[in-house]
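Combine both chains into one complex, guided by the hints.
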Amino acid sequence: MPTTLSNNVLALLPEYILTIVGVLIMLGEPLLPAGRTRKPLGWLAILGAIAATGVSFWQLHLGVMNAFSDSIRVDAYSIFFQVVIGAVVVISLLASLDYFEGNSSHAGEYYALVCFGAVGMMLMSCSTELLMVFIGLEISSISTYIMAGFRKGQGTATESSLKYFLLGSFATAFFLYGIALTFGATGSTNINVVAAALPHTNSPVLAVLAIAMIIIGIGFKVSAAPFHVWTPDVYQGAPPPVVGLMSTAPKAAAFAVLLRILYSGYAIDQPRWQILMAILSVLSMCIGNFGALMQRDVKRMLAYSSIAHAGYLIAAFTALPADGIAAAAFYSASYAAMNVGAFIVITLVSGYSERVRTGDDYTGLAQEHPVLGAAFSFFLLSMIGIPFTAGFFGKFYVFTAVMHSGHVKLALIGLVNSGIGCYYYLRLITRIYSTANATKSSSSADFELAAETDPALIAAPLNFPMPAVSLRIPAYVALAAAALATLALGIAPNGVLRMAQSAAIATTPANAANQITPISPSSTLR
Amino acid sequence: MQLALFIIFAVLCVVFALNFLFQRHPINSALSLIVVMMSLAVIYWTLGAEFLAAAQVIVYSGAVMVLFTFVIMLLNAGEEERTRGSKIAYIVGIPGVIAVFALLAYTFVHEHSTLGMAHLGGHLNNGVSNLEEVSRILFTDMLLPFEVTSILILVAILGAVVLARKEH
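Sequence lines, in order, name chains A and B.
If you read the first sequence in this note's numbering, its first letter stands for residue 1, the second for the next number, and so on.
If you read the second sequence in this note's numbering, its first letter stands for residue 1, the second for the next number, and so on.
It is possible that some hints are incorrect.
To be verified - In silico lysine-lysine, BS3-like type, Cα no more than 25 Å apart, as pairs:
| id | chain 1 | residue 1 | chain 2 | residue 2 |
| --- | --- | --- | --- | --- |
| 1 | A | Lys163 | B | Lys166 |
| 2 | A | Lys39 | A | Lys152 |
| 3 | A | Lys152 | B | Lys166 |
| 4 | A | Lys152 | B | Lys87 |
| 5 | A | Lys163 | A | Lys152 |
| 6 | B | Lys87 | A | Lys39 |
As the list claims (entries may be wrong) - Among chain A residues calculated to face chain B with C-beta under 7 Å, some are:
| id | residue |
| --- | --- |
| 7 | Ile146 |
| 8 | Lys152 |
| 9 | Leu198 |
| 10 | Asn202 |
Claimed, not checked - Chain A regions said to be covered by chain B (calculated; three or more residues, Cβ under 8 Å):
| id | stretch |
| --- | --- |
| 11 | 119-125 |
| 12 | 134-145 |
| 13 | 416-430 |
Read the hints as simulated data drawn from the structure, not as lab findings.
Ideal Cβ positions, reconstructed from N, Cα and C, are used throughout, including at glycine.
So that you can see chain B by itself, here it is in the shape it has in the complex (with noise of 0.2 Å):
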């Protein structure tokens, strides 16, 4: 059953990743893409990570997603044009991509041992609650961190008003 449910978004979420890349649209890109990270939000549920689950939904596939289609509709961006850089990115980037694929695939088939097998279903962290333990270490080792987010919020805020803000 859960390795149904695994094959069924694993093939989803593929085949609209290479859907979102073939596609001309943006619209289109866009709405494929909302489907490659729903179904990666399912395959992390079932992985047993709820947190990085709910997060996948609420921050990519809510916050992102809605903003690139209001931009995309913003924009009113028609259908995207063959030129001659996006023959070389296709020269430069389809082997570049399959390069870093390969390196990152056989590192991780190579260390596959010592990294240990994740089981579908959640069993991963044994009964413990991924968010609970999330949240413990949110508010003690990692406080700082955590803490100094603010800042980095304060920054981007600045940056729009400077960057949006007509000058007068």
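Extracted from the complex, chain A is given alone in its bound form (with noise of 0.2 Å):
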């Protein structure tokens, strides 16, 4: 069959061609002289994204496309959180090429790590192989797992990692678990034939447990409230370009699996399912509001903002299939941008060795870097939710869907929970915008610092610490591109808007369901 065969081609050519940039980025380390600059692999590193990113954009052209035996299917909706993935990685990427510029000597294998785990995210979203997506979320946690810990001379790092991969690994066996009590309901792991079978089965006990079970798989590593403990520790120990990329673009991916799994596959079960959700949202937006507000580390607080953000996301559940799915994908493009520019941010005034950390480190930013403040501020404004922000539009797509739906007092929640946000978010702006105080010192900072411990460190004044400014040219760049992408988003959403409606179009169940045979739970392998 020629068709399937240039199916199983052009569908998949994103990740083919993400796969062959992260071999060849494995390949070329080992050539390149040991105290080399690592940057040309980091700039195949980041042309590789680039084509998989247009690649995937012009993949729309081409229609709905299934392939591997229906194990794959690239559609509106696959293709939209392809490219919010593949964006994410090119901004890290080059935000982080520099960062870890003779400091560590793993740099090459770091581009490699990407590459290879943006294959697991782009994987994620365009499989309806419920073994298919374990296998891509597994090839995206475990890259992120290590990137976690690439500090490795720093306790923190370490923690990090171990911590993450722990609990990520406990995640995991969650949501084989459900895939397995998924196939015990209706035999089959594919989406389709799920959502096909799913009225006939015998045993709808068992489709109820493996909902739970894919829920709480997925909300560890979306790190919804009460799955999210390790995600302060994580973002605390774990580089900033890292935090960047792993808060944002596996988390779009895993926000991807779980619409299309409830919404496509297991749609007859959503009254079920949406109270699950629903408990899952006030929980994670209360505890995580109420979490950033106690913490003095900006990381902490970004981490615990990051669980609420993730509660106003999982909101977008309780809403109509449509109008969820398209305000969840929207909300999962803004927050990615304004989440990536945040982190980018703090990539650049920390440095590697993180002696700037708790919000005092940050008081006086604006006068020593006004655009480095800016920038920050205007991100900070964009996760509270103001006008002409990406993050305005999210929040108003969310809770607008989920008011259609009749969820009012959910929505409520939401809004109060967003006005407790504003508080932190602008203690942090104000601090940004002070004047430094004379007394800053390393004893102004509330933790135990490496700073403590080392003396060279304590010695030294505490500044923010800058290297040459050629360096930083592609960090601005990146940190231009998630301002630009925020901004726009604030301003003008309807062309992502538009494109986040068809990707709903395209997997609501009506559409998702067409063209299946129903297959009964005997004929398949036991």
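Printed below as a string of structure tokens:
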């Protein structure tokens, strides 16, 4: 069948490109002499990611493609998330180009890991086969576990990597159990077949249990409360460009998977999983926002804020299919833009050794680095949801979608929570814009810093360490791109919203369940 | 005969699983875990899941447990000490385990008529070889996940290199 063959090639073209680039980087790394810069490999990764994103966007013209005996379905929905993931990867690679330079001898492996991780995330967003989703999830998770521990000299980095690994493996086990129970209930692991077989299943209880397990597994990955405990520690210890990447791209992929499984696989059980999602949403919003109030470390604060944002996004799951998917897709794009941007600023400000950590340390940032201060404030304002930023429209669409389906109370809780969120974001912004006081020294850092144990660092004055200007250009380009994306999504959201809506239409039950022949559980492999 | 086989290995499995939890020395725990894995393999085999039984022996009893014992020997791990943390683990863990077990047991008992009963002795698959079916589906419907696993392994190797090699 020549048509199937070409589909198999075309549908996974972005993944093929990234895999090849990743392998090339991996092979090129040992060929470069030990002391030499790894930047060429970084540029290769950036070019590969740009090419993959471009190809993914171009796939939009090819229509819906099914490949590999229906385990892959490339449509507007998967392309939307793949483009978001691709863009995040490109921006984070640009930001980390100089970060590892001279600090780590594993920069080459880092670029390869980012490429492979992106392959996993892209596979997650386009596969309709749960086993394929599982493999993609593992690829993206394992590469992020490794990247979280990249600053090997530091205790927090090891803690971060190990905690993430242990809790993440636990979560994947839940997800896998959910897949097994799905197979038990419907006799298949293909989402389309599951959707068709669910109405005739003999064991609806197993199906409900399967949904619960899958939600727990993905809930861990998107750091939704009560599965959020790992988030602050992991974000604190991981290098900031990596946090920027792992708090957005894998989450977008995980939400893509969850939206697809719930809305097109388990569509008929919607009343049941809606309750679960509403509970998760309320818990995440409240725990995230109240937790963030208590934090002094900026990265920990942003970790709690990301839990809260996961809560806002999960609220969209209680909406009607078309509204909810579009709102969730738009929100993940806008959250990706502003969060990646915020972590690029942290990358530039705190540097590799991260002496600048707490909110107090950020005092007077705007005086010393007006551009960074302004950019950071802009991203924080976007997280609050001020108009003319991406965050405003993200929240607006989610909460209108929730209101349309009649869940007024949930929308109200969300709005109250955004109000609480204002406080800690604005507190940081006022610090950035207040004048630095003369007493600013390492004693103002109220954390157990590396600086407190290292005498050389205690002696050194605490200011914002900056590499030479020429080294920062790629990171500033990335910062500008993230700021532009945040602004563009806040001023003219129509283009992206239209894409998100067509994505929603592509995966709503009526469309996703076409051309399926239901099979009985007994006819498949036992 | 087959029922006797099942009972022997089921009892062995449960007893050594409990022994695994209550032993204080890690090497004793690891060795009892091997017995658990092997008896599980026998139970799988009597249920007609030859593939699962073989995988259980090769992967768990073989690779994973060897790794475990190596790590325990390398670390020279002694008897574990009871701390407040382990007390909390008991207080939270035991009811948690009972709750999960009760939920799953209830579900499977409740649904047993629809799930169908497995027959001891491998009549479950009506003479179709489990191994053949698995390998057929692995190279047809599941070809992509099977192939993509290679990327997963590549990432794991990269991770081992990155995390284990000394910075220079």
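Here is what the structure says about each hint:
1. For the given pair, A/Lys163 sits about 21 Å from B/Lys166 by alpha-carbon distance, which is consistent with the 25 Å threshold.
2. The straight-line distance between the Cα atoms of A/Lys39 and A/Lys152 is roughly 20 Å, inside the 25 Å bound, and the hint therefore holds.
3. The suggested pairing of A/Lys152 with B/Lys166 holds, with an alpha-carbon distance near 9 Å, which does not exceed 25 Å.
4. Restraint check for A/Lys152 and B/Lys87: the C-alpha separation of about 33 Å exceeds 25 Å, so the hint is violated.
5. This hinted pair checks out: A/Lys163 and A/Lys152 have alpha carbons roughly 15 Å apart, not beyond 25 Å.
6. As the CA atoms of B/Lys87 and A/Lys39 are separated by approximately 51 Å, the hinted pair breaks the 25 Å bound.
7. Because the smallest distance between the Cβ of A/Ile146 and any Cβ of chain B comes to about 4 Å, under 7 Å, the interface hint for this residue holds.
8. Look at A/Lys152: its Cβ gets to within about 6 Å of chain B, closer than 7 Å, so that hint holds up.
9. About 14 Å separates the beta-carbon of A/Leu198 from the nearest beta-carbon of chain B, more than 7 Å, and the hint is not met.
10. Taken as an interface hint, A/Asn202 checks out: its beta carbon lies about 3 Å from the nearest beta carbon of chain B, inside 7 Å.
11. Given as covered by chain B, the stretch 119-125 of chain A passes the check, having 3 residues with a CB less than 8 Å from a CB of that chain where 3 are the minimum.
12. As drawn, the stretch 134-145 of chain A meets chain B at 8 residues by the rule of a beta-carbon pair under 8 Å; at three or more, the given contact holds.
13. With 0 residues bearing a CB less than 8 Å from a CB of chain B, the stretch 416-430 of chain A misses the requirement of three and the coverage assertion fails.
The structure fails hints 4, 6, 9 and 13 (numbered hints given earlier, in ascending order).
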